[in-house]
Amino acid sequence: MNWEIVMGLETHVELSTESKIFCSCSTAFGGAPNSQCCPVCMGLPGALPVLNQKVVEYGVKVGLALGCSITPVSRFDRKNYFYPDLPKGYQISQLYAPLCRNGRVEVAGTTIGIHEIHMEEDAGKLYHDPATGETLCDFNRCGVPLLEIVTEPDFRTSEQVVAYLKKLRDSLQYLGVSDGKMEEGSLRCDVNLSVRPVGSDTLGTRTEMKNLGSFQAIARAIQFESQRQISLLERGERVVQETRRFDEEKGETFSMRSKEEARDYRYFPEPDLPPVVLSREYVEGIRENLPELGEAKRRRYAQQYQLPEYDCQMVTSHPALARFFEELLALGTPPKQGTNWIMGEVLGALSERSLSPGQMPMTPKTLARLIALVGEGKLNRNTAVKVFEAVFDTDGDVDEYVAAHGLEQVQDVELVERIVVQVLEENPQSVADYRGGKEKAFGFLVGQTMRKLQGKADPQTVRRLLLERLGQE
Amino acid sequence: MEETNKPVRELSRLARLSLTPQEEEELAGRLEEMVGYLHALSQVEHGAEVEAPSAVPFRPDQVEPSLDGDKLLNQAPQVRDGYVVTPRSVGEGGAE
Ligand SMILES: [Zn+2]
Chain A
453 MNWEIVMGLE THVELSTESK IFCSCSTAFG GAPNSQCCPV CMGLPGALPV LNQKVVEYGV
513 KVGLALGCSI TPVSRFDRKN YFYPDLPKGY QISQLYAPLC RNGRVEVAGT TIGIHEIHME
573 EDAGKLYHDP ATGETLCDFN RCGVPLLEIV TEPDFRTSEQ VVAYLKKLRD SLQYLGVSDG
633 KMEEGSLRCD VNLSVRPVGS DTLGTRTEMK NLGSFQAIAR AIQFESQRQI SLLERGERVV
693 QETRRFDEEK GETFSMRSKE EARDYRYFPE PDLPPVVLSR EYVEGIRENL PELGEAKRRR
753 YAQQYQLPEY DCQMVTSHPA LARFFEELLA LGTPPKQGTN WIMGEVLGAL SERSLSPGQM
813 PMTPKTLARL IALVGEGKLN RNTAVKVFEA VFDTDGDVDE YVAAHGLEQV QDVELVERIV
873 VQVLEENPQS VADYRGGKEK AFGFLVGQTM RKLQGKADPQ TVRRLLLERL GQE
Chain B
3 MEETNKPVRE LSRLARLSLT PQEEEELAGR LEEMVGYLHA LSQVEHGAEV EAPSAVPFRP
63 DQVEPSLDGD KLLNQAPQVR DGYVVTPRSV GEGGAE
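Chains as they are written, first to last, in the working numbering: chain A, 453 to 925; chain B, 3 to 98.
Hint data in this document are derived by calculation from the structure and do not stem from the laboratory. Keep in mind that the hints are not guaranteed to be accurate.
Taking lysine-lysine and the DSBU-like style, the derived pairs with C-alpha atoms no more than 30 angstroms apart in a straight line are [what the hints assert, rightly or not]:
(1) K908/A to K73/B
(2) K633/A to K749/A
(3) K662/A to K619/A
(4) K788/A to K817/A
(5) K73/B to K633/A
(6) K749/A to K618/A
(7) K904/A to K830/A
(8) K540/A to K8/B
(9) K830/A to K908/A
Coverage of chain A stretches by chain B, computed from C-beta distances (three or more under 8 angstroms per stretch; other residues unrestricted) [what the hints assert, rightly or not]:
(10) 500-506
(11) 839-848
Per label pair, the in silico range of CB-to-CB distance [as the list claims (entries may be wrong)]:
(12) H41/B to E733/A: 38 to 44 angstroms
(13) L742/A to S44/B: 20 to 26 angstroms
(14) F481/A to G31/B: 45 to 51 angstroms
(15) Q679/A to Q80/B: 50 to 56 angstroms
(16) E740/A to S44/B: 27 to 33 angstroms
(17) A17/B to P721/A: 17 to 23 angstroms
(18) E733/A to S44/B: 35 to 41 angstroms
(19) M453/A to G31/B: 55 to 61 angstroms
(20) E27/B to N554/A: 47 to 53 angstroms
(21) A17/B to Y579/A: 17 to 23 angstroms
(22) N76/B to E841/A: 50 to 56 angstroms
(23) E694/A to E27/B: 34 to 40 angstroms
(24) H41/B to F534/A: 24 to 30 angstroms
(25) E733/A to Q80/B: 35 to 41 angstroms
Quick caveat, the model's predicted, so the values are computed rather than measured. Ideal Cβ positions, reconstructed from N, Cα and C, are used throughout, including at glycine.
Start from the sequences, fold in the hints, and give me the full structure.
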């Protein structure tokens, strides 16, 4: 029998606000344990939550970018469960009236429906100490704002799932609402998966997979879990609805055997928070100011600047790079020159230093000047790369550096010509070799000439003059 | 009373609270009372919905000092290196 895999995704996005969702504690990483907590996020008696306006704004932005309709009056609910990562004993979330509904995203040639997006708070971090059998709780993450994005069960392949997540991450970064880093947990994805015979339109029993920390893990987990379910059904057994955890090392999913009652969340409306009432003007104001997202930029760059698809992909891979590229263009850099430098030297320098594009020390102005000097024939490409390396970390002054190190390209063709003659005289053997058909000898002569000119000549001019002379005699 | 005692026992077990029979009895009584209030609320006619407040002030996204760490940790029965210590729990938990 042929089987079809049916999947839906629940993705938690950690929003990059300064403060928590319902209190003014910092969301910064790396604080001492339990140093970013207050009576509100600890649920101490008498403390009242107040909603952070940035969380609403970010939620609406994401909703609009994913084609959702924004709920005019949305509400918060309490999701009750007993676990030490949640000192309040409940999580404030949205069940009955989530912020956004009914979106759609085009991904890898298919349409993925967005069921809803809701706002909620994160829980604390637990560390299990196997030596003592104790659990250590750090509540700093309690109350950090999250968006949960729930799709319809529209995925059929792991390629679609990964493409969706990459597109989502891209959108989050361009919207500036989250760094979208899966490795660091700011993008967490649960996959609901079931299988059914091809052609059937009823859904099979699904399992939910958690702890998927990378695109690769997701693809492997889907592969394993779908095979597991198919084997069960083919043996005439049944799939049990449950939560399963993916073990990266073994490449297998296993049951978390969570107790039945832990699933009984006893949701009820949050009495301490008023409904979130959003006017049409507010929503439309956000819609009008949505930034151009990665995909739109890629299309525009290809059309407007006739750039290869690969270049467009590379320079839009991070919003900071796209911004850098656009600023280069505004400073007069030819588009193809801009992408060449970004894809080559800039990305190379960033990766050597383990920096993200957002941490780039060099300003577009500096690189634009460097590219302009090459364009004007004042620096050759090789020298320019050396200057780039020298000024990258400090965003140093290109003109000053070139002047201080005497790197300006020799513009004097007569001087280059004199040196060429000299080199040919000093290396009669190489000249003879070249004339005898040894191509390599020509490279040697170019090298000798460049050396005498301290690398400051235009290699093209040197080649041309050498060829002229060698042809003459 | 037995009917209301059952959820109280179940919840106290989940919350890792050990209640004396007297405490159980007292809590069950209070729970009963609260269910009574909710019953009264459910009698309210539909359409009697409270008007949504028009302009609810949100909080600006600004960081204010948190609670002094010691003040918080003093509330916890057991602390180690700044962490609150609890017995190891079943399952994985976490926000979902
Ligand atoms: Zn707080």
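CB-CB spacing for S44/B and L742/A relative to the 20 to 26 angstroms hint: At roughly 43 angstroms between Cβ atoms, S44/B and L742/A fall outside 20 to 26 angstroms, so the hint is violated.
C-beta pair M453/A, G31/B: status relative to the range 55 to 61 angstroms that was hinted: Given a distance of about 59 angstroms, which is inside 55 to 61 angstroms, the answer is holds.
Proposed proximity, K830/A with K904/A (alpha carbon, max 30 angstroms): holds, 18 angstroms
Pair hint K540/A and K8/B, alpha-carbon separation not exceeding 30 angstroms: Distance of about 23 angstroms is within 30 angstroms: holds.
Holds or violated: K633/A to K749/A, with C-alpha atoms at most 30 angstroms apart: OK: K633/A and K749/A at ~21 angstroms, within 30 angstroms.
Verdict for Q679/A, Q80/B (Cβ pair) under range 50 to 56 angstroms: Cβ of Q679/A to Cβ of Q80/B: about 45 angstroms, so the range 50 to 56 angstroms is violated.
30 angstroms Cα cutoff - pair K749/A, K618/A: Within the cut-off at roughly 16 angstroms; holds.
Straight-line alpha-carbon gap K908/A to K73/B, limit 30 angstroms: violated, 68 angstroms
Status of the given 35 to 41 angstroms range, CB of Q80/B versus CB of E733/A: violated, 52 angstroms
8 angstroms C-beta criterion, at least three residues: is the segment 839-848 of chain A covered by chain B: That given contact is violated, which follows from only 0 residues of the segment 839-848 of chain A lying within Cβ reach (below 8 angstroms) of chain B.
Outcome for the supplied range 17 to 23 angstroms, where the beta carbon pair is A17/B and Y579/A: holds, 22 angstroms
Restraint check for K73/B with K633/A, where alpha carbons must lie at most 30 angstroms apart: Distance of about 34 angstroms is beyond 30 angstroms: violated.
The structure shown violates the earlier hints numbered 1, 5, 11, 13, 15, 16, 25.
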